[in-house]
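Using the hints, position chain L against chain P.
Number of protein chains: 2
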Amino acid sequence: LCMVESVDRIKTRTRSPLSEAESKSLLAGYGVPVVREAVAMHEDEAVALSESIGFPVVLKGVGKNIAHKTERGLVKVNLKSSEEVLNSFRTLKEAGGDDWEECLVQPFIQGRREFVAGLARDPQFGPVVMFGLGGIFTEAIGDVVFRIAPLNESDARDMIGELASRTLLGAFRGEAAADTGRLVRVLTGLSRLGLERPDIEEVDINPMIVGPDGGVTAVDALVVLGSGEGKTATPDEKNVSETTEEINAAIEIMTHPKSVAVMGVTRTPGDGFPGMYACIRNFGYPGRLYPVNPKADEIDGVKAYPDLVSLPEQVDLVVISVPAPLVPDALRDCIVSGNKNIHIFTSGFKETGEEAGLKLHAEIEKIAREGGLRVVGPNCMGFYVPASRMLTWTEASTESGPVSFISQSGGNAQDFTSYASSRLGIHFSKVISYGNALALDSTDFLEYLARDDETRIIAMYLEGVKDGRKLFDLISGINLKKPVIVMKGGLSESGARAVASHTGSMAGAEKIWRAFFRQTGAVRVDSLEEMAEVAKAFIHFRKCGGRRAVILGTGGGVGVAAADSCAKAGLELPVLPPDLLEQLREFIPPAGNMITNPIDAHLVLLDHKVFAHTLDILSGTPYLDMLIISLHLDWLRSREQGTLIEKIGRFIVDEARRHTNGKPLVVVVRQYQPNPQTKECRSGLEEILLKGGVPAYESLQKAVFALSKLAAYHAFIAAR
Amino acid sequence: LCMVESVDRIKTRTRSPLSEAESKSLLAGYGVPVVREAVAMHEDEAVALSESIGFPVVLKGVGKNIAHKTERGLVKVNLKSSEEVLNSFRTLKEAGGDDWEECLVQPFIQGRREFVAGLARDPQFGPVVMFGLGGIFTEAIGDVVFRIAPLNESDARDMIGELASRTLLGAFRGEAAADTGRLVRVLTGLSRLGLERPDIEEVDINPMIVGPDGGVTAVDALVVLGSGEGKTATPDEKNVSETTEEINAAIEIMTHPKSVAVMGVTRTPGDGFPGMYACIRNFGYPGRLYPVNPKADEIDGVKAYPDLVSLPEQVDLVVISVPAPLVPDALRDCIVSGNKNIHIFTSGFKETGEEAGLKLHAEIEKIAREGGLRVVGPNCMGFYVPASRMLTWTEASTESGPVSFISQSGGNAQDFTSYASSRLGIHFSKVISYGNALALDSTDFLEYLARDDETRIIAMYLEGVKDGRKLFDLISGINLKKPVIVMKGGLSESGARAVASHTGSMAGAEKIWRAFFRQTGAVRVDSLEEMAEVAKAFIHFRKCGGRRAVILGTGGGVGVAAADSCAKAGLELPVLPPDLLEQLREFIPPAGNMITNPIDAHLVLLDHKVFAHTLDILSGTPYLDMLIISLHLDWLRSREQGTLIEKIGRFIVDEARRHTNGKPLVVVVRQYQPNPQTKECRSGLEEILLKGGVPAYESLQKAVFALSKLAAYHAFIAAR
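Those sequence lines, one after another, are chains P and L.
Going by the working numbering, 676 is the number at position 676 of the first sequence; the sequence numbering is gapless.
Going by the working numbering, 275 is the number at position 275 of the second sequence; the sequence numbering is gapless.
Source of the hints: derived by calculation from the structure; they are not laboratory data.
Any given hint might turn out to be false.
Any copy will do: because identical chains look the same in the list, a pair fits if it lies in one copy or spans two.
[Stated by the list, open to error] As a list, the in silico DSS-like pairs of lysine-lysine whose alpha-carbon atoms are at most 30 Å apart: (1) Lys568 - Lys466; (2) Lys69 - Lys80; (3) Lys568 - Lys481; (4) Lys609 - Lys647; (5) Lys93 - Lys80; (6) Lys511 - Lys470; (7) Lys691 - Lys679; (8) Lys568 - Lys511; (9) Lys466 - Lys366; (10) Lys691 - Lys647; (11) Lys466 - Lys511.
So that you can see chain P by itself, here it is in the shape it has in the complex (with noise of 0.2 Å):
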C-alpha cells in the first residue's frame, strides 16, 4: 500500500480541490489519523488489495471530474468478499462512465459515531479550526465549535469540551470513549496545517468516524487550494509608519495636551451643540486652547487665528471640525505647521457609503499617510480623560476612575461614560472615540492603556475590526493582568461566503467572536448596560474563588427567582451543608427565619450582630465563594419607623465588609412602590453604599450576571 500523491505535486496547484488521495495524504502528514487505502486501476488488482487489507472493504470511483461521489453511486460499502468487490469494481467504472479514472480500495472502517473537524480561513482573524458533529447533519444540525490559531493542547481540549453532543466523545452504549489524545493532535495540526501553509484555504475532514474501541479514523477529506493571499487576516496597509513606542507617547500627549487647537470654530453654536471650541472650555480644559478660523478675529472674547502656522506654537492636539470638504485643507495646514496629533470630530466620508464620502475618504488618507500623521477619526468623538480636563462633547463627570473605554461609535462613547458615572458611580481615565480608524485603530489604543498605570479595567465597544489577528492577539496578553469588557455590535448580520467546505459554511461571524472571547478570556457583554454593571463588579473585586453564591435577603417570592436566575447566568445555588445550618441555626431561631439558599431570616437584617455572625459563616466556608445581599426595600421601610435601612446601609459598608473573608459581596436593591418616601430611602441607601464601596445592584438578574463574569474571568486566569 502506498500514499498516491507526493505533497510536492500538490504545491503546483492553485485554488482548487486537492484530490481526496492527495488531501489525505498531505493531513496525514499534520497528525490526521487518515484511512489507509490504495489505487486499483483494474479489478484483479482491487481484488488483491482488498484481500492483503482485509474484508469488509471499500471501494471508492475517483477521477478528478468526479465530484459527490456518493450522489453518482460511486462509493460500495462494507464489501464482504472477493466476489463482491470484483462485481462492485465493475459497477463502480461503468457509473463513472468517462469521468473513471481509478478505484481506491480502503478498508470498511465501522463506527457509528461521526465528527467532522476542519480549516478555515475568517477574513479578520486568518486560519480558524472546526470541530463538531460531523456525517451528512453537520450544517442542519450546527453543533460545532471554533478556534483561532495557533491552538496548543489546552485549547483543543476545551473546544472539544465545548461541544453540546459532546457525551458521544465518553464511553457510549457499549463503546469506548474517543481517543481524545488523537482529536487532540488533529486539532493542533491543523492549526499548524492553517499558519504554515497559506496557501491551503479550507479543509474539511468529514466524516471522522470513533470506533467501537474508541480509535479515530479520517474517513473523508477535502482540501481546497487558494490564492494564499488576502484572507491569511493581512491588515489593511498600516497607516502610521511609527514604532508602538513612538504611538504611545503621542497618545499619552493627546490625551494630556498642553495646548490644544480647535479649527472650524464658529462664533454663534448652529443648531444647539456648543461646537468643539466651547465643549473643551466648558469642561474646565487648563491648558492653552486656541481658536482657528479664517474668518474671525477673535471668538468669545479669544484672539482667533487663520490657520495653524500662525500659532504661535505647535500644538499637543489639533481638533478639525470643519466642513467634511474642507478637511484635506485643514490636514495639509497640519502638514505644513508640523502639527501630528490629529482628531478629526467632522463626519461625511467613508461611512456614508456614498461615493463622494469614499472619494473624499481616500483623499484624506493619502494626506494623512503622506504626512505621517496621528489621526483619530473621522467621524468619532475623540476625547475623555477627566485628569486632563479635557472632553471633547458636551457633558461627562470630572470625577477619574480605574476603567478605560474605547469606542468605535461616539454615540457610544457620551451615553455609555454618561450611564456608568450618574447612575451606578463608575468613572473613568480614559475615553477614546476613534470612529473610521483612518490611522490609529483600536489596537494602538489598546496598547496604550495595557501601559497606561491609571488604567486598570479596559471596555470596549467594537463593530468592525480592522485587524482581528492583532486585537486577538493583544487582548489575550492584556486581558491576564487587566481584565478587557467587550462588546461587539453587529454580529447579527452575517453575510453568507462563498465557500466550498462545511467548515467554510459554517465559520460565521458569532461563531468566531464566541472563539475569541473564549480563547482571550475576554469578558463578553452584549449592551452597553451589561458593560457598566460588569465593569462594575471588576472595580470592587480583584479575585473570586468559583461559581457558589449565597443570598441573605427577606420579603418572600426570591427564592425562585434566584434559582432561575443563577441557573440562566451559570452561578451556582448551592445546598448549604448540614453543618452550616447548624452552626447558623445555633444563634438564628427557627421562627420566621428560614435558613436555605436564599436565607430568608429576618433577625440577620434586624440584629447586626447576628448578621456580622452570619456573614462570618458563610464566608468562612470554602462550599461559598461569594455573597448577595437582597434587600427588599418596600418590605424593610415598614420597620423601625423606615430608619432600618439606612442602618442595614451602614452596616454593610462599616462593619460587613470585615467579615467576608475577601469573597465578592454585593447589595441587591429591590423597590418597586412608588411611594415617596421609600424612593427617598431608597437613594439614601444607595449614596450609603456608593461611597462605601459596595457595589449594588438593582435586579438580582444583574447582579448575578455580573458576578457570573467575574467568577469566568477568573476561573480563566487561574486555569493559565
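For chain L alone, coordinates are given in the frame of chain P:
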C-alpha cells in the same frame, strides 16, 4: 407474513415493556408505518421468509429476557443472500443462548435520515407527543420538540417546523423530501393513542427512517405499559364541589365585597406591617369592615367582635390573619357562622416543607372541604381591586385599568403591580394572590377573569400548577379572546425522572412548557419587567399585522444596536424599498438626513409637517407593520433651547397617531446624561406620552421585545 400478536393480549400486562412485535402491532393501528416483519423459529423458515420479503434483510434474535439486542450482538443487518441469512440465524441463536426464543425477519430499510417519535406522560399535562432527531444520538443532541395532546394536523405540522434539523426533512442531498403527511399521521396517531389508552405509559419509535424516496418507516419501537393511573394528569381531588358558575359568582362577591371581617386584628401593629385590617381601611374601603378579636372590645375606635358568630351579618369576605395554629378554629368559626368566602393570609403550612406545617395543612384542608369553604390561600396576599377600593396589602394605585393579574406569589403580586403602575402607567382591574391554593386555584380565577368584562388582558405568575391539563385547556380558549401573558417560575429546577424511553428522558419541564406556550399562544415572559413591558404594548394595540419594523430616530450609534436587537427578538428591520425611498426623498433633502432603516433624519423631528408626511408614507406601505420613534434626549435637549422635546412629545400625542394607519407606534426615550434639565425634559416627555396613551420604552431592546410578542400573538390568532 403475519402480525405476531394480537392487540388483545397486550392489555393483560401492566407496568412492563411490550415486545418489539407487540409494540409495532399496536402502533400500526394508530397510523405508524411499521416495518413488515415475520417470525422464524427455524433456519429454513428464516431463509424462506427472507426470499419472500426480498433481500437485503435484517435478522434479529428476540426473547422476553432480551433487552439491548444491538449490544448483545443479536441484530444482523444488510443480509444479501440466503447463505448470509442461514449463517446469521445460527450465529444469533447461539449468541442468544437460553434467552433466545425466535428470530424476526425484516426488510433492511436503508436511509440516512433517522428521526424519533414518541409519547410520554407529563405529571401536570398528561399525554405529550415528541418528535425529533433520532438514532443513537437523540439524547446527545437533544433536538426534540413536544406537544401536549390532543394534536390536530396543524399542531403536528407546526411541531415538525419547530425542529432545528427540519432541513433534513426537505429534499436533501439527492434524497426526496420526507412524506410529511405520513409524519403528521404518526404524530396525531400517537396523540390519539395517548388519550385512548391511559394504560400506556411511554412510546418510543426510534429510529423512524426517512428513506431516499421520502418514505417513512418505523424500524424499532418500544411501548411501555403503566398502571394507567396517577400520571395521566389526574388532578388533586377538587376541593370545591361547586359549579364553575357558583365559583365565579363567589369570586365576583369576594372582589366586590359589601362587608369584610378580619380575624386577627391587634391594636398595635407588630413589626411595621400594619396588618390586614389597617391595609383594607387605609386604602379607603367603603363597605362594612369588622375587626374580630376575642381579647378586645374595640380596635382604633371601632367595635371589635369576639368571633364571626357575633357579627351582625354574614360577610362577603372573611380575611384570616391569626397565627397558623389558630387557623383551624377560625375556619370552624366560618362554618358555624355560615361564612364561606375566605382569604387566609397566614403562612406556616405546606410551603414550609416541615412536618408541623404539613400536618396543619392537612387539617385545614379537611375542614375547608367538609365545610364547602371557598378559600383563597393560605400563605398569600389576597386581593387588590381598585374599583372596589379593596386592597389586602400596604400600597397600590387607586386607578383602575384593563389588566388583571393572578399571582401564586404574594411578593410578586405587590411588586409587579407597584412597578407596573408607578413606572409604566399600567393599571389593574383585579389582582389576586392565591398562594398555596388550598381550595381555589389559578384556573378558578382564570375562568372568572375570562368572563369579566372589565378585564381585557390577563397576566399570570405561576410556580406549581395543580391541574396543568385544565390550565392548558382554559388558556387555549381564553387567549383567543383576551391575551394571556404568563411568567412561569422554577423551570430551571427540573428534576430527573425514572423513565424507560428516550421520549421520557427528554420530557423536561422546560420543553413541555415550551409546547404549552406554542400551543396555547399564551405570551411567554421570563421576568416581571418583561411582563410589564409586554402588557403595555397589549394595552395600546389591539392588532399587529407582522414583524417588519421601521425605526425613525436620530442620535448616532443606533443602527448597529437596532439591527442586533431586532434580530435577537425576531423582528425584521427591512431595507426600505426604492419607491418608498423616492417618495421620502421628494421632501427630505439628503444633507443631514440618512434614509435607511433606521431612518436618521434630523429634519423629520424638526419639522412636524415633514414628520407627519413621513409617517403617512411609512405606515401606508404594505411592507412595514410597526413604527418605532427613537428619541435621544441628551442630543435633542441642545436643540431649540430644550423646547423641542416637549414639542415632539405633543406632536406625537396630538398628531402622529392620526398618521399610523392603525399600525403600532411606540416611542423609545434614550437619555443617559445626569444633567438635571435633561432629566426634567425626560419626565415631562414621559408624562405627555403616558397621558396621551402612547407607550414609551426606556430602551430599543425593550420596545422591540414587547412588539415582537405583540406580533407573535396576533400571528397566532390570525392562523387560527
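Tested hints:
1. When the C-alpha separation of Lys568 and Lys466 is checked against a cutoff of 30 Å, the pair qualifies only between copies, where the shortest distance is 26 Å, while the shortest distance within a copy is 34 Å.
2. Both within a single protomer and between protomers do Lys69 and Lys80 lie at most 30 Å apart by alpha-carbon distance, with minima of 21 Å and 23 Å respectively.
3. When the C-alpha separation of Lys568 and Lys481 is checked against a cutoff of 30 Å, the pair qualifies only within one copy, where the shortest distance is 28 Å, while the shortest distance between copies is 33 Å.
4. Only within a single protomer do Lys609 and Lys647 lie at most 30 Å apart by alpha-carbon distance; the minimum there is 13 Å, versus 56 Å between protomers.
5. In this assembly of identical chains, Lys93 and Lys80 lie within 30 Å of each other by CA distance both inside one copy and across copies; the values are 19 Å within and 22 Å between.
6. Taking identical chains as interchangeable, the C-alpha atoms of Lys511 and Lys470 lie at most 30 Å apart only when both belong to the same chain, with a minimum of 19 Å there against 43 Å between chains.
7. Within a single copy, Lys691 and Lys679 get their C-alpha atoms as close as 18 Å, and across copies as close as 23 Å, so both meet the 30 Å cut-off.
8. With identical chains, the CA atoms of Lys568 and Lys511 are at most 30 Å apart both within one copy (20 Å) and between copies (15 Å).
9. Taking identical chains as interchangeable, the C-alpha atoms of Lys466 and Lys366 lie at most 30 Å apart only when both belong to the same chain, with a minimum of 17 Å there against 73 Å between chains.
10. Within a single copy, Lys691 and Lys647 get their C-alpha atoms as close as 15 Å, which meets the 30 Å cut-off; across copies the closest is 39 Å, which misses it.
11. For the homomeric pair Lys466 and Lys511, the shortest alpha-carbon distance inside one copy (19 Å) is at most 30 Å, but the shortest distance between copies (42 Å) is not.
Violated hints for the displayed structure: none, as all numbered hints are satisfied.
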